Amino acid sequence: MVTAVLETTGLTKRYGRRTALADVELSIPAGRVVGLVGPNGAGKSTLMQLACGLIGPTSGRIRVHGAEPGTRPDHLARVGYVAQDTPVYPDLTVAEHLRLGARLNPRWDRALAERRLARAELDPRQKAGRLSGGQRAQLALTVAAAKRPDLLILDEPAAALDPLSRHAFLDHLMESVTELGATAVLSSHALPDVARVCDHLVLLARGRVHLHDDIEPLIARHARVTGRAADLDALPPDVTVLARTDPPDGPATALVRTERPLPADRRWAVTAPDLEELVLAHLARAARPGSPTAPTTRPETRR
Amino acid sequence: MIWLTWRQFRTQALIGLAALLLLAGYLLLLGLDVHRAHQDVLAHCAGRDCAGPLGAFADRYRLRADLLGYLLLVLPAVLGVFCGAPLIAREFEAGTHRLVWNQSITRRRWLAVKLTVVAGGCTLAVAFAALLLGWATGPVLAVEGARFEPVAFASHGLAPVACTAFASVLGATLGLHLRRTVPAMAATLAVFTVLQLALPAFVRPHYQAPERTRVQLTAPIVANLSKIGTYGDIGGLRVPGGPWVIDTSAILDEAGAPVGHTDWFQDCMDHSSLTDLPRCLADHRIHVEITQQPAARYWTFQAVESALFALLTAATVILAVRRLRTRAD
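So the sequence lines, in the order shown, correspond to chains V and Y.
Quick note on numbering: the working numbering labels position 82 of the first sequence as 82, and the sequence is numbered without any gaps.
Quick note on numbering: the working numbering labels position 99 of the second sequence as 1099, and the sequence is numbered without any gaps.
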């Protein structure tokens, strides 16, 4: 069995009467790049802040590297975190941020930090308050990565960036993760970003986990079926239709979940879905009132 | 962490240090002047009655001594508001707590270093200023017998030092709870003002049981009163030896009866000039009953007040640490 970097059981977080996370069961294996996706208010940031110990759970348990997150210095050293809107000290220069990192982290990798700075073309003498959004995100990532963490958590780090800087940022992120050999969890609205860099998906909606699996097998267990509306009604019984469009003219399309590959059939055509439509289908299903939420928690982890 | 705290605090610290050096320079000059004048007065009146020349000496420096006393009275509040309150609130406002709390250092240690460096720095600065002020204006206060006056008490000795430690920790803790700089500054100022008003009025008189004594009202004492009411109530009594007068009765005659409604008293009040009035009244052998703290208790009171502030500081630190432990973001 692969050891889990991050493990939660019955994890629940409430803010007053609002439930941000409800009974979350997760187990994230080492070495993955995890995409945490979901609509606004799904609980993504809450889950990440719980994972790095910024906040504590209302009930349930979360363990990172087998310990309660954020309590001991040696444990803090193993987790890198880039918060939403990538905070940096506006009065400190870029170089002083590295000095801060070097002084506060025993595993600080100065060479790595300097390499990343040069790669991001950041001027060490510049005040962090004068950096653009993209540069600030790069700086925050550099500080988090040069700790040499085993787990890197990034909360929508690329959300505020224009497409070009986002591309550059994600490239740097992947280089860093590869260089560190770390596990990474990144939350994002941008499904193409997730499809590009992640190999594991966690789909959160309304505080619950709806999907949690490696992306390749996940896609293999879904299919896009195109055919006449009447024929799609006659799909095998072990196939679950997640979403279906029936245009008045032209063929109907259904996104289905199936445990084994659909047999070739002349009545319909089967193609592999892309991650985006798969996620959207599951989100639409999660948002449907009266949808069975309990059975869909971790439905994909049975192997 | 010490480096980071210093780096964040650097601008305020340097401005503060420059201001402190200016103040120190002024106090040094003033102190030399005061001590020389004091020696001169003592040398000239040796063997004779020194009260007059010493009074003139005190009058000459009173305004400056009072103003400096007020400065040291508000200095802890200023430091609490401008150094304490932004210390943590600013991190929350900029979101940088999420950056620094994820370095390999626990939050408790982060708080401990921040508080020690900043509150410690402020406290040292005030200790230095209070020491210099005590030296510079000491002779003036000694002549006036006014060490126990609320402003003088709070601006000399240990009291302002302990008070600064409390004010800066209070500011930081309020910042931790309120998470915004300006409200934290306002709250610090509010709490501090209430405390500085309530302390001398309601708490300080009870550090030790006060003594009741009778004070004979001689002409010089009457002349120094700030108020003589129409029916014999008085204000601003200063007693030789400099005890802290907490409460005074109305003017009493030898038998202990109030003199406010006697004919001779009304006669003195109505028909004597300001210069003759003390003589006119004192000739009737009048006295007042006072509640007082003897001057010898000064350092005991300083120690009690400092201990009180130290206790408040410790309680505030506990509140801050508890807030960190609940980890609400």
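Hints were generated in silico from the structure; no laboratory data involved.
Here the structure is a predicted model, which is why all the values come from computation and not from measurement.
Treat each hint with caution, since some may be false.
[Unchecked claim] Covered by chain Y, according to a simulated footprint, are these stretches of chain V (three or more residues, beta-carbon under 8 Å):
#	stretch
1	62-76
2	99-109
3	138-147
4	184-196
[Claimed, not checked] If the Cβ cut is set under 8 Å, some of the chain Y residues that face chain V in the computed set are:
#	residue
5	Met1001
6	Leu1004
7	Thr1005
8	Arg1007
9	Ala1094
10	Gly1095
11	Trp1135
[Claimed, not checked] Residues of chain Y clear of chain V, computed beta-carbon distances all greater than 12 Å:
#	residue
12	Trp1003
13	Gln1008
14	Leu1022
15	Gly1031
16	Ala1043
17	Leu1073
18	Thr1096
19	Pro1205
20	Asp1247
21	Glu1254
22	Asp1267
23	Met1269
24	Ala1307
The C-beta atom is built at its ideal place from N, Cα and C for all residues, glycine as well.
Status of each hint after checking the structure:
Residues of the stretch 62-76 of chain V lying with their CB closer than 8 Å to a CB of chain Y number 6, which satisfies the three-residue condition for coverage. Look at the stretch 99-109 of chain V against chain Y: 8 of its residues bring a Cβ nearer than 8 Å to a Cβ of that chain, three or more, so the hint holds. Residue count for the stretch 138-147 of chain V with a Cβ under 8 Å from a Cβ of chain Y: 4. That meets the three needed, and the coverage hint holds. With 0 residues bearing a CB less than 8 Å from a CB of chain Y, the stretch 184-196 of chain V misses the requirement of three and the coverage assertion fails.
Given the 8 Å rule on beta carbons, the hint for Met1001/Y holds: about 6 Å separates it from the nearest Cβ of chain V. Because the smallest distance between the Cβ of Leu1004/Y and any Cβ of chain V comes to about 5 Å, under 8 Å, the interface hint for this residue holds. Given hint, Thr1005/Y at the interface with chain V, is violated; its Cβ is 11 Å from that chain's nearest Cβ, farther than 8 Å. Interface hint at Arg1007/Y: satisfied, since its Cβ lies 7 Å from the closest Cβ of chain V, which is below the 8 Å cut-off.
For Ala1094/Y, the interface hint holds, the least distance from its beta-carbon to any beta-carbon of chain V being 6 Å, beneath 8 Å. For Gly1095/Y, the interface hint holds, since its Cβ comes within 8 Å of a Cβ in chain V; the closest pair sits about 4 Å apart. Here the hint on Trp1135/Y is broken, as its CB sits about 38 Å from the closest CB of chain V, past 8 Å. Not every CB of chain V is more than 12 Å from the CB of Trp1003/Y (nearest about 5 Å), against its label as outside the interface.
Look at Gln1008/Y: its CB is around 7 Å from the nearest CB on chain V, not clear of 12 Å, so calling it non-interface is violated. A cut-off of 12 Å between C-beta atoms confirms that Leu1022/Y is not in contact with chain V; the least separation is 25 Å. Distance to chain V confirms Gly1031/Y as a non-interface residue, since its nearest Cβ pair spans about 38 Å, more than 12 Å. With a closest Cβ-Cβ approach of about 56 Å to chain V, Ala1043/Y is found to remain outside the 12 Å limit, as its non-interface label requires.
Distance check on Leu1073/Y: its Cβ is at least 32 Å (rounded) from any Cβ of chain V, clearing the 12 Å threshold; non-interface status holds. Not every Cβ of chain V is farther than 12 Å from the Cβ of Thr1096/Y; the closest lies at roughly 5 Å, contradicting the non-interface assignment. In this structure Pro1205/Y is separated from chain V by more than 12 Å, as the shortest Cβ-Cβ distance comes to about 46 Å. Taking the minimum C-beta to C-beta distance to chain V, about 52 Å, the non-interface status of Asp1247/Y holds against the 12 Å cut.
No Cβ of chain V comes within 12 Å of the Cβ of Glu1254/Y; the nearest lies about 72 Å off, and the non-interface call holds. The Cβ of Asp1267/Y lies farther than 12 Å from every Cβ of chain V, with a closest approach of about 73 Å, so its non-interface assignment holds. Distance check on Met1269/Y: its Cβ is at least 66 Å (rounded) from any Cβ of chain V, clearing the 12 Å threshold; non-interface status holds. Against chain V, the non-interface label of Ala1307/Y holds: every CB pair exceeds 12 Å, the least being about 34 Å.
Consistency note: the structure conflicts with the earlier hints numbered 4, 7, 11, 12, 13, 18.
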